[in-house]
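Peer 1: What follows is the residue order along each chain.
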Amino acid sequence: MKIAVCVKQIPDPATPYQLDPETHLVVRPQEQVLDDTDRYGVEVGLQLADANEGSSVTLFSMSPSGSLQGIRQALAMGADKAVIIDDEALRGSAALTTARVLAAAIEREGFDLVIAGTESTDGYTGVVPQQIAEILDTPSLSFSRSVEVSDGTVRVERQTEGGYDVVEAPLPVVVAVTAGSVEARYPTFKGIMQAKQKPIDELTAADLGLAADEVGSGGAGQTITEVAPIEARQAGEVVEDEGEAHLAIVSLLEEVKVI
Amino acid sequence: MTAIVFSEESDGHGSASALELSTKAREFGDVTVFHVGAGAADAIAELGDHGATAVHHLDPGEGLPAAPAAAALADLIASEAPSVVLFGMGYTDRDVAGRLSARTGSPVIAAAVNVSIDPVVVTSEIFGGAERVVTEATASPALVIVRPKAFEPEPSGGGAPAVTVVATPDVGRSGSATVTERHVEEREGPDLEAAGVVVSGGRGVGGTDNWHLIEELAEQLGGAVGATRAVVDSGWVPYSLQVGQTGKTVKPAVYIAVGISGAMQHLVGMKDATTIIAINKDPDAPIFAIADLGVVGDVHQVLPKLIEELKARG
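Just so you know, the protein sequences line up as chains A and B, in that order. Numbering-wise (the numbering used here), the first sequence opens with residue 1 and increments by one. Numbering-wise (the numbering used here), the second sequence opens with residue 1001 and increments by one.
What the hints contain is simulated information worked out from the structure, not anything from laboratory work.
Rough simulated footprint, nothing fancy, chain A against chain B, three-plus residues with beta-carbon under 8 Å: (1) 1062–1068; (2) 1118–1129; (3) 1175–1184.
Cβ atoms here follow ideal geometry from the backbone N, Cα and C, with glycine treated the same way.
Input sequences plus hints: build the corresponding full structure.
Peer 2: Structural data, given as structure tokens:
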């Protein structure tokens, strides 16, 4: 089974995020990390590869800048190779362009199963997996918290507002997993050393047959006209608990008439 | 025709987001709702009561709805040429918005908190609600995914909408997913999204052994229990309790954050609570920057005393 896993490198989420005042794009430091959401996608891919003999796991990422630190992280977890689409023309791409680029790269490589996270931590439009599915003409099993493949059929538990549904579809399929789907492994030292030798193919939009007007900000169908910080809530009183702090909570609850 | 609102039926009702979005879309003119589900009379009536003058209804049966719904909605867009199609943050909402955009080439604008038309301008909140971004759509229609509770649902006093039954289109391989089982997880206490008081726990609660403290405090205050993504990921509580970007958005009168540091992904789901109380042992936790009252202390010391005090007051 050929398993494609879509991954994204993002600025460290522990640091405050900023938009460039000129371009309105997320400011990306040289060193980026693998989006935590994608660690689960990689893990699901690796587990399915282990359970289905003769499988491969290939990472796909549209990576606008920075080092490949996050990609190496996913390779160190155990993925076999990576395909990176890095192209100046892709700056300012909206979700649909990202999906077109990833779908074209995945189709070029061949696939049975595509796995993605539900949404990125820095962009969170949350529609790229479904867009890829529509482009590749497959079902999109989104919000999946458990994924099994047997006899060419994918079976997932898909979260719903009040519980979950079991959904089945024949391969090929795009699956978007939620963060709680599996316990993502940490790379071992051996994995980190092996990752340095693993192939990373680099492609441009033109390699994928995508025209310049289809990609980048020109193909976005939207333009950001204004960015402004939202006035933050004022921090209120902060008290150190010395055994009586619960009384401060009680008096605030009384004040707002909850008790 | 200016706006189409997406609705998905659940338990015989239209989605909460569809009622909010129909209320908003009335400002733009006649409201057409594209409704996916069994088509219960109550659901259709509620949509009419919130301003829908026309409801296009598709029943996907046991098929996963997104692919056929996107195809049918693309046809409706072609005939009605709306300026905007409004979606909520529901799972099917986002699936349909994504597939539809790839089908029609329409732009998707997400995390919206306000929308206007002529031209289509969308205000979104990003980075956990730290930045406001204004986006103008340069292609039509714009597919706008709106955050929950951005608009207050209000009945319009309108009558029953005209219902058009939409046949499920054959979308071939894309439509080959079927729902084989449906499970509803037991829920206790008040509804998280509607509760006046929410008590949420994070990793700082320490583990499932201590989770009863969150439940007891919620019970004392007649509130609902919530949780962070980290807690849900750890399997302490079900996903339906998650508050944040990928979970529920709550706007209670009082939100009590227990052992929650205040990651971007969590703040976006609760920052609009009227009063925020935070208890955390780390004085530098970002949650304190937005809390009306912050208690720097050990959850396991503060919570039992707080619960006792509330019990004593009856």
